[in-house]
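Relying on the hints, combine the two individually framed chains into one complex.
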Amino acid sequence: MVIYGVGILAASLLGGNALGNLIGQLMGIDANVGGVGIAMLLLLGLTSLRAPGFSLGPMSAQGISFWSAMYIPIVIAMAAKQNVIAAVSSGPMALLAGVAAVTVSFLAIPLIARWGSGAVEDAEQA
Amino acid sequence: MDIPLWRFGEALTAGLISHALLTAFVVVALITWVADWMSKTFTRGRLHGSAIAIIIGLLCAYLGGWLTGGNKGLADISLFAGVGLLGGAMFRDFAIVATAFGAQPATLREAGAVGAFSVVFGVVLSFCTGASVAVGFGYTDAVSVATIGAGAATYIVGPVTGTALGASSDVIALSVAAGLVKSILVMVGTPLVARFIGLTTPHAAMIYGGLMGTTSGVAAGLAATDARLVPYGAMTATFYTGVGCLLAPSILYLMVRSLL
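Here the protein sequences come in this chain order: A and B. So for the first sequence, my numbering puts the first residue at 1; every next one is plus one. So for the second sequence, my numbering puts the first residue at 127; every next one is plus one.
Fair warning: there could be bad hints in the mix.
[As the list claims (entries may be wrong)] Sample of chain B residues lacking proximity to chain A, with all beta carbon distances greater than 10 angstroms (derived):
1. Pro130
2. Phe134
3. Leu138
4. Ala140
5. Gly141
6. Ser144
7. Phe168
8. Trp192
9. Lys198
10. Arg218
11. Asp219
12. Ala278
13. Gly292
14. Lys308
15. Ser384
[Stated by the list, open to error] DEER-style ranges, computed between Cβ atoms:
16. A:Leu46 / B:Ser294: 44 to 52 angstroms
17. A:Ser48 / B:Ala137: 45 to 53 angstroms
18. A:Gly53 / B:Phe151: 30 to 38 angstroms
19. B:Ala242 / A:Gly15: 43 to 51 angstroms
20. A:Phe66 / B:Gly238: 26 to 34 angstroms
21. B:Pro130 / A:Ala11: 28 to 36 angstroms
22. B:Gly196 / A:Met1: 34 to 42 angstroms
23. B:Ala242 / A:Leu14: 43 to 51 angstroms
24. A:Ile3 / B:Gly196: 17 to 25 angstroms
[Stated by the list, open to error] Part of the chain B face toward chain A, derived, beta carbon under 7 angstroms:
25. Ile129
26. Trp132
27. Thr194
28. Asn197
29. Gly256
30. Ala345
31. Ala346
32. Thr364
33. Leu386
No wet-lab data here; the hints were simulated from the structure. Backbone N, C-alpha and C define an ideal beta-carbon position, used for all residues, glycine too.
One chain only, chain B, in its complex shape (with noise of 0.2 angstroms):
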């Protein structure tokens, strides 16, 4: 038998393309397992391994968007095509309601009103800050205006909000960019700055979530904090679009409106 080594490596590659999750398996088994090396050696277990997965998902995301043009990161590229299904919603949103099992319900019921307020008060706060940031940037139609303050509530509020209004185009993507900003950097962020704001409990958790509000950021944020606190975090979070797409076109609308 005399096959060359690249025949081996076409029929792996063509392996890797077609069981796509498998590869997307390895992939991540194999950034953790870097990710848990790099945190042993270079922080002594100061800085999560997970924090450093997420973060080298990250980067690898950079570079498949830089690669490809794309707007899926690592998914982008045929070969790690499975990275897409595996970090999707549907499996993402399937291990977040399984982190729910254990969960204590008498605190998810105790912190229920607090919880609650944080999210329409998260919506309210992210909103003008967005819209502040747009009006300090010297836009000064409503329809602008709230359009990136939706964005600044979650990249999903944004443009729900802008096609509503009757945004321009190019607001919206605006909008999307301010919501991608804002749920990458609570996912950096949070391990980061957990201890100085108090995230240490689930009381604390839902409030996160709520003010927060981002899905994605709110689940890796806290995956790199502390995984016992992602299911009060995901409680609240899970609320948040919701509420972003229902006052951000309306009242918050009218209120930006009135005002300028």
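Chain A on its own, in the form it takes in the complex (with noise of 0.2 angstroms):
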């Protein structure tokens, strides 16, 4: 059933929110820590998991595939409702210290990606 997809992914999002906040407040800080992250692993393991009495359908499937072809759509309602125009017309110093950001964070990902890999590659000759 249908139902049984989205509930599964919903429960997830739910579950990984109390737990993202939990650890936020664990940390001493009102911030969710990790929240979405922690739910995509919970979807993980209850898509994965093979009980007597329990497995996911094709149609249980479909109620989860769904919402990540509406991914993309999301997206960009989202892109539609930023706050554009705080950006653009922020003076000239908000403007470079978020486009030195970006650039200089462009820049690093082929650096550790390089590090990043060679550890990797190192771990499995060892």
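So this is what it looks like as structure tokens:
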């Protein structure tokens, strides 16, 4: 049933958010730490579960795939509700701070990726 | 029956407003259709339809802000309020989690360590860059410099840090603006630079998510580049704001204070 998939997906996000908020509180900060990431792990765990009387049928899987396919449309809606005018008219300092942060971060990706994949190869050889 | 046309228009508008989420589905479908057409016609598919759709979305957001003076883009126009619901954090996170269905747990595990490293490194890198710009523009007090640095991490870390340290409200506003610039630039810039920075593998996507950290920016950036990479980038990005809220008002602020 489609609703089983949607229900598992929703339960994963609710559970992940609860745990993320809990981790934030334990760290003493007012923020959700990794809620969505934890939810993704919960979903992967729940959907690969193979217990007697519990396995994910193709219809249930459709309940999850549908929302996965809705991802890009949702992101387009998200883009349409950004405070673009505040970003564009923020003055030179905020503009430069944002641009510089993005540029430096983009440039760091290949550096870390090289180091990271090298580390994995080393571990495989050892 | 003699019903004037404006009656029909009125009835339609009332329906569009009361069924806001359905209106948003239609709006996004139309944007997608136009974007796909533009992608095929003007770029022969070289620039992804979704990349163009996100840019159209941002232009609509600019228009909405310009017309209403609000801060929720197109969603501030009452006819398009549903866009705010569809594009809000609840649906965004719901769809991000759904993309994990089909992700490779083995890849997530392998890149776990480098992903975690990239989150901490990304927060420190963006903070230092933002803080340097603030110093370059003549800020000398540690609280303002740290708040603007935190804003260069994300537009949530900025105000959280500024409030914790007691920064003035105009500095907090600047930190939010820096974070917004970052988020929007990541949305637009990612598909353009993806090839040059090697953003083609799940491994690189996890590092990208950790370094960029802005959930909206990463979500849209990967959607416009290669939607299969979304779960990997989102996995690390989701820890970024939490780590930023932890580090910026504490260790990083103390570091700034000792340097100034």
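Structure-based check of all given hints:
Every beta carbon of chain A lies more than 10 angstroms from that of Pro130 (chain B), the smallest distance being close to 33 angstroms; the non-interface claim holds. Annotated as non-interface, Phe134 (chain B) keeps its C-beta farther than 10 angstroms from every C-beta of chain A; the closest such distance is 27 angstroms. With a cut of 10 angstroms on Cβ distances, Leu138 (chain B) stays outside the contact zone with chain A, its closest approach being about 21 angstroms. Once the 10 angstroms rule is applied to beta carbons, Ala140 (chain B) is consistent with being away from chain A; the minimum gap is 22 angstroms.
A cut-off of 10 angstroms between C-beta atoms confirms that Gly141 (chain B) is not in contact with chain A; the least separation is 19 angstroms. Against chain A, the non-interface label of Ser144 (chain B) holds: every CB pair exceeds 10 angstroms, the least being about 19 angstroms. No beta-carbon of chain A comes within 10 angstroms of the beta-carbon of Phe168 (chain B); the shortest separation is about 18 angstroms. Not every C-beta of chain A lies more than 10 angstroms from that of Trp192 (chain B), the closest at about 6 angstroms, which undercuts listing it as non-interface.
Annotated as non-interface, Lys198 (chain B) brings its C-beta within 10 angstroms of a C-beta of chain A; the closest such distance is 5 angstroms. Under the 10 angstroms C-beta cut-off, the non-interface status given to Arg218 (chain B) relative to chain A is violated; the minimum distance is some 6 angstroms. Residue placement check: Asp219 (chain B) does not keep its beta carbon more than 10 angstroms from all beta carbons of chain A (closest about 5 angstroms). Non-interface status of Ala278 (chain B) relative to chain A is broken: a Cβ of that chain comes within 10 angstroms, the nearest being about 4 angstroms off.
Its beta-carbon lying about 16 angstroms from the closest one in chain A, Gly292 (chain B) satisfies the requirement of being farther than 10 angstroms from that chain. At roughly 4 angstroms, the least C-beta separation between Lys308 (chain B) and chain A is not larger than 10 angstroms, which violates its mark as non-interface. Separation of Ser384 (chain B) from chain A is adequate, the least Cβ-Cβ distance of about 21 angstroms exceeding the 10 angstroms criterion. The supplied range of 44 to 52 angstroms is met by Leu46 (chain A) and Ser294 (chain B), whose beta-carbon atoms lie about 47 angstroms from each other.
A hinted range of 45 to 53 angstroms holds for the C-beta pair Ser48 (chain A) and Ala137 (chain B), which are about 50 angstroms apart. Our hint of 30 to 38 angstroms for Gly53 (chain A) and Phe151 (chain B) holds, since their Cβ atoms are close to 36 angstroms apart. The given range of 43 to 51 angstroms is broken by Ala242 (chain B) and Gly15 (chain A), whose C-beta atoms sit roughly 21 angstroms from each other. A C-beta distance of roughly 29 angstroms is found between Phe66 (chain A) and Gly238 (chain B), which places it inside the suggested range of 26 to 34 angstroms.
Look at Pro130 (chain B) against Ala11 (chain A): about 51 angstroms separates their beta carbons, and that is not inside 28 to 36 angstroms. Distance hint for Gly196 (chain B) and Met1 (chain A): a CB-CB separation of about 41 angstroms, consistent with the stated range 34 to 42 angstroms. The hint said 43 to 51 angstroms for the Cβ distance between Ala242 (chain B) and Leu14 (chain A), and at roughly 25 angstroms that hint is violated. Between Ile3 (chain A) and Gly196 (chain B) the beta carbons are some 36 angstroms apart, a value that contradicts the proposed interval 17 to 25 angstroms.
Violation of the interface hint for Ile129 (chain B) is found here, the shortest Cβ-Cβ separation to chain A being roughly 33 angstroms, above the 7 angstroms cut-off. At a threshold of 7 angstroms, the smallest CB-CB gap from Trp132 (chain B) to chain A is about 28 angstroms, leaving the interface hint violated. Hint status for Thr194 (chain B) relative to chain A: violated, with the closest Cβ pair at about 10 angstroms, above 7 angstroms. Because the smallest distance between the Cβ of Asn197 (chain B) and any Cβ of chain A comes to about 5 angstroms, under 7 angstroms, the interface hint for this residue holds.
With its C-beta approaching chain A no nearer than about 4 angstroms, Gly256 (chain B) sits inside the 7 angstroms limit, and its interface hint holds. The restraint placing Ala345 (chain B) at the interface with chain A holds, with a minimum CB-CB distance near 5 angstroms, inside the 7 angstroms limit. With its C-beta approaching chain A no nearer than about 5 angstroms, Ala346 (chain B) sits inside the 7 angstroms limit, and its interface hint holds. Hint status for Thr364 (chain B): holds, given a least beta-carbon distance of 4 angstroms to chain A, under 7 angstroms.
A cut of 7 angstroms between beta carbons decides the hint on Leu386 (chain B): the least distance to chain A is about 17 angstroms, and the hint is violated.
Of the numbered hints given earlier, the model fails hints 8, 9, 10, 11, 12, 14, 19, 21, 23, 24, 25, 26, 27 and 33; all others are met.
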